[in-house]
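These protein sequence lines map, in sequence, to chains A, B, C and D. Numbering-wise (numbering that gives the first Met the number 0), the first sequence opens with residue 0 and increments by one. Numbering-wise (numbering that gives the first Met the number 0), the second sequence opens with residue 0 and increments by one. Numbering-wise (numbering that gives the first Met the number 0), the third sequence opens with residue 0 and increments by one. Numbering-wise (numbering that gives the first Met the number 0), the fourth sequence opens with residue 0 and increments by one.
Just to be clear, a hint being listed does not mean it is correct.
Claimed, not checked - Below, computed lysine-lysine pairings styled on DSBU-like, alpha-carbon distance capped at 30 angstroms:
{"no.": "1", "chain 1": "A", "residue 1": "210", "chain 2": "B", "residue 2": "45"}
{"no.": "2", "chain 1": "D", "residue 1": "244", "chain 2": "D", "residue 2": "45"}
{"no.": "3", "chain 1": "A", "residue 1": "45", "chain 2": "A", "residue 2": "210"}
{"no.": "4", "chain 1": "B", "residue 1": "244", "chain 2": "B", "residue 2": "45"}
{"no.": "5", "chain 1": "C", "residue 1": "45", "chain 2": "C", "residue 2": "210"}
{"no.": "6", "chain 1": "C", "residue 1": "210", "chain 2": "D", "residue 2": "210"}
Just so you know, these hints were derived from the structure itself, not from any lab.
There are 4 protein chains.
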Amino acid sequence: MSSSAMKNAVSHSRVPAGMIQPAIVGATGYSGYELARLLLRHSRMKSPLLLAREGAEQGAAYADYYPQLSGNGTHHLEPFSWQLLRARGVDVLFLATPHEVSRELGPEAAARGIRVIDLSGAWRLREPAHRAVYGFHNEADPEAMAFGATVVYGLPELHRAGIEEAAAVANPGCYATSCILGLAPLAASGLLDAAAGVICDCKSGVSGAGKEPTARTHFVEVADNFSAYSVFRHRHAGEIAEQLKLDDPALTFTPHLLPIPRGILSTIYVRLRSAVTEAEALSIYRQFYAEALFVRVFAPSRLPEVRFSAYTNFCDIGIAVAPDCRRLVVISCLDNLLKGAAGQAVQNMNLMFGFPEQEALA
Amino acid sequence: MSSSAMKNAVSHSRVPAGMIQPAIVGATGYSGYELARLLLRHSRMKSPLLLAREGAEQGAAYADYYPQLSGNGTHHLEPFSWQLLRARGVDVLFLATPHEVSRELGPEAAARGIRVIDLSGAWRLREPAHRAVYGFHNEADPEAMAFGATVVYGLPELHRAGIEEAAAVANPGCYATSCILGLAPLAASGLLDAAAGVICDCKSGVSGAGKEPTARTHFVEVADNFSAYSVFRHRHAGEIAEQLKLDDPALTFTPHLLPIPRGILSTIYVRLRSAVTEAEALSIYRQFYAEALFVRVFAPSRLPEVRFSAYTNFCDIGIAVAPDCRRLVVISCLDNLLKGAAGQAVQNMNLMFGFPEQEALA
Amino acid sequence: MSSSAMKNAVSHSRVPAGMIQPAIVGATGYSGYELARLLLRHSRMKSPLLLAREGAEQGAAYADYYPQLSGNGTHHLEPFSWQLLRARGVDVLFLATPHEVSRELGPEAAARGIRVIDLSGAWRLREPAHRAVYGFHNEADPEAMAFGATVVYGLPELHRAGIEEAAAVANPGCYATSCILGLAPLAASGLLDAAAGVICDCKSGVSGAGKEPTARTHFVEVADNFSAYSVFRHRHAGEIAEQLKLDDPALTFTPHLLPIPRGILSTIYVRLRSAVTEAEALSIYRQFYAEALFVRVFAPSRLPEVRFSAYTNFCDIGIAVAPDCRRLVVISCLDNLLKGAAGQAVQNMNLMFGFPEQEALA
Amino acid sequence: MSSSAMKNAVSHSRVPAGMIQPAIVGATGYSGYELARLLLRHSRMKSPLLLAREGAEQGAAYADYYPQLSGNGTHHLEPFSWQLLRARGVDVLFLATPHEVSRELGPEAAARGIRVIDLSGAWRLREPAHRAVYGFHNEADPEAMAFGATVVYGLPELHRAGIEEAAAVANPGCYATSCILGLAPLAASGLLDAAAGVICDCKSGVSGAGKEPTARTHFVEVADNFSAYSVFRHRHAGEIAEQLKLDDPALTFTPHLLPIPRGILSTIYVRLRSAVTEAEALSIYRQFYAEALFVRVFAPSRLPEVRFSAYTNFCDIGIAVAPDCRRLVVISCLDNLLKGAAGQAVQNMNLMFGFPEQEALA
């Protein structure tokens, strides 16, 4: 990432004259709610269209799902249709939907000239082997392949220039954001000894599992508990490997479920190609993120904790170097619903439309 | 409650010679699990038969539902049938089932000579108006009426003698146990000014809502939260009113959902017919529960808290008297799955079979 | 409260021309942090002076106490002195301090022409009997008595006009805000049967107990637990009684400790002088708060919950009327650190300086 | 560990004829309480002497510290003195004390013929470099060195024969128990590629931090949070390295604080010297622990979770093997207060006195 790619210089011709009309599909989920909340306080956006594809939700008052939003005006869930999107002049469509739905809606929106920000895993991966974990084996759908080739991986700290020009963005996974941002400076510096293996031991709050009530999300099963899941089998591993150009066997990714509503802490273990001091390593991180508005590199005396970045769009990063100067532990924290989902989506939108990057996020 | 009714004198002729065979319907629920756990460590009981009425559970290893019980032998869920109960010589049937199921199975079990301990609300209430909240309006089912007349309300501290002789026991509700035990000494002493109103402000952990995953029990909805529900409409109000002989308008009962897995604390507000000091009031409570093995009356300097009775079969009671000596607050705590459900069920069983009251519960 | 008192009409002459300089004493506590956070995003305020009276804190980086605030610039705790306040041209002094400290600093600040918003209990009470619970028995300190007479009780929904003109405001207690706002419409309407007794059963998150580590705030003692405390002895009872003009014996106030970081839910029980329907009662509340920007009256189908108002400056109110139409339960929720402390303090400041009431709070 | 070492054959001459008298120093801490609770229900033990070294505790009712234990008789804290221990005929002394205190009391108790079970880190380590982290640099204290040489590391699954004969036992650390039991089968089988590095990413509930209220254990700081601490600097690393004969640079140990009261989950990452299938690896674990009463090896379909072993003396172990068959993840769970402290101490005592290993622990 070059420093020029990071800076906030916006080609003003991209800034729309009037107010932008956003729409959200999947507004009743946790990420969808955070999107609605952020967009409602965005100075350049009209009230978002809240779209429901299921009958039960259509027409319902949004405050029935999220009473916490009442007092901010009255909003209703409207039935999704392309006609409605056209009638309302929707400029940008947020897909807070299962990946199968995003797979269906993304290309169509693009074809209709609507910019797309997809929060699912449908369009994040290039490698067929990685895509296969989402059930997208078939590379023979030329339309999907063509659309997919235009989608930019929406991690602003790595792909800012591409996002600014993109018509469609694949918003990264929450775990993936945390791990990639935690490792990128080491990978870029050439210090990372990938052959020795990279271990991402990640812990997430329960909102990452979605709003659907299941045995796994029942309060009594989660409270006072802690557990690993999907060991060697989680979908976000592909994103991390692809973005950091790691071979699969080099990466071990273990997600765990924390008994908290929101927040991710990733503890990342790497070996270094050459010995460094903690000060040298910190300097590499600080330089890499010097212009990143939403990455905070913590001082050596204090490591990030989940609560420091909760309810914010920050990714907080801290490091510790072993006495032998050849092993390094990265602690990377973020709010899975904000920097890990809706916040990053708005950050991407700000870049796509030439708005200040922090608008609605500070 | 006379002191003779309380004492642990057991007519030894009632103690069965061999080991007792229990069976549990509904062993996959939270109360069912606690029952299984307690019965497995009961010195006079064979391993409980674990019975499932639904296809998916039948034949499954119990450890698939409760891995925490593994290492205590291997147990499977067997399909419920009266034939199986007879073949295995079941002596006592625990119904940890929805009240509709208990309504169906209770009379049949009794007719077959099997003792019944029902943990649902099906048979707790005498007053037709109270029973109506369970949908049992029809008094025209003579078999149900006849069986219902034999069922004893299974609160040992109030109905010990009846329980010892009973063939069927209706295990009290968790909230009801807490409130009735908190109020019984005042009611018995004549101090309670029922006409001035009794307010039971009750708070329960989430296991009281059952194991079914719902929007209400999703971790993200419960954690960091607290809420009232069913205000003026909760079913346990009838039990409290009936046991304490309170008119309905005299009783205000408000349940709340605590963000903890288990435990109930009831804060009970009453007015007194005559002024008493805290010492006098405490003495009334201490005398009333002098022989109750599972009620602890706390000293004035410290009030009960949820964690003190969690994982025990105790109901803990503390009081505070207002400076005007005419208002009294009772704090009553118990574990909703033990003294509020499975523990009390085993306590009842111990009395029914002439076992020591504390067996498997200490 | 008249409707004219509620409206947002600001005499523009009171709006200061330049930016206002605030200072906070006690910025390392939980309310102090929330104040700092809110003031930093206030468009009419300079960065707050963060003042420490204890040696250990003086000169420390504020991010050492609240790393979550880093990335918002660098702030240090400076040693409190009147000289410093004068040198920096402090316009308004927030006291997030123990009441003894507020008792000392309040009159001196006023004498120096600095407006005061005191978050402690030092100046909230008029009745000597109520003040006595804070250890302020002595009415013989004429300076304190004179200053006290000028202090306005800072509940904007009841005392808006007074706050707009005040030089010193006593910010209400968190429990008191919740209970007074829950009861005020009934009291004003004449429906409240105070003689029959008012019961406030209140539950608060742990941040209400302050940041000092004690046995009572240790995670292991609080988690999975719930407890009542200070029954018939809590200081906030005086505020509620005084603001609602209730005799002490009429009011029973019981605080409880919830195992959550923040939020209050008060369940309030009253009897009515005449029968009302739920719709009539709701209409009384809606009318009373028609122009209140920070009170939300919930629809009958849904009651407020702690999480709906958490992280906001709203007080959410819902009611349920008994079938006999003579008993009413009020559920009143707020965030104890915002509407119950720092948020309300900023709301008061906005009124005192003629800023939009919602500035920095929406 | 040979299978003969594991079996429960007890030389009956070691079983004492009468009841054993235990004493606990440090009974007011969390481990001390669990010890008291377990010993009170042990069929071969007299009531434990509860000893306090600090003035404030001496003579206090134990129920003032742990009201949950009331109803089990009345117990008081007595001032510690060797005279008292002799007068009461204490047979075994549990030290639930800071390591400095254990350092002082251990040798003296042994010299007086009292068996010692020390729950601190004072006597766990052989290597001077490891001991140094406890501040025990000086090897010149011959009495301490002599006593230390007699102390057996009290992990029954590895050192059963030694414990059975020991006069003094060093009860392992909670993290160390979890990691050593998770790794021992791999180390014994020769599969473990130690040179490639072993990573122990461990997460513990807050009771592991002790009962002293600190900023780190304040509810508001812990709830909704998760954090790493003491990265590359935690004392338990020495125990793990020493027991498994790992060089220090081979072991990376990172503890984290979970927002739960109790329980540890360790996620352990290793590389294997040769490729194995999951079935082969499981078989190695099952065989190694075939006779271990308190280790449960989980089936491949389900991994251990914190709640499964909470409130038990079990260490639960599960594994997952990478698709490349060369990397293995171990999940190891236990209750830090039981198998990680008081439970294991009682298990050790049972072995030392020839009691059934499960007595008071099942």
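Outcome of the hint check:
For the given pair, residue 210 (chain A) sits about 42 angstroms from residue 45 (chain B) by alpha-carbon distance, which is inconsistent with the 30 angstroms threshold. Between residue 244 (chain D) and residue 45 (chain D) the alpha-carbon distance is near 39 angstroms, which puts this suggested pair outside the 30 angstroms criterion. A C-alpha spacing of about 26 angstroms is found between residue 45 (chain A) and residue 210 (chain A), which places the hinted pair at or below 30 angstroms, so the restraint holds. Proximity of residue 244 (chain B) to residue 45 (chain B) is assessed by CA-CA distance (about 39 angstroms); at most 30 angstroms being required, the pair is judged violated.
Pair hint residue 45 (chain C) plus residue 210 (chain C) holds up; C-alpha atoms about 26 angstroms apart against a cutoff of 30 angstroms. Annotation: proposed proximity of residue 210 (chain C) to residue 210 (chain D) holds, straight-line Cα distance about 17 angstroms (limit 30 angstroms).
In summary, the numbered hints that this structure violates are 1, 2, 4.
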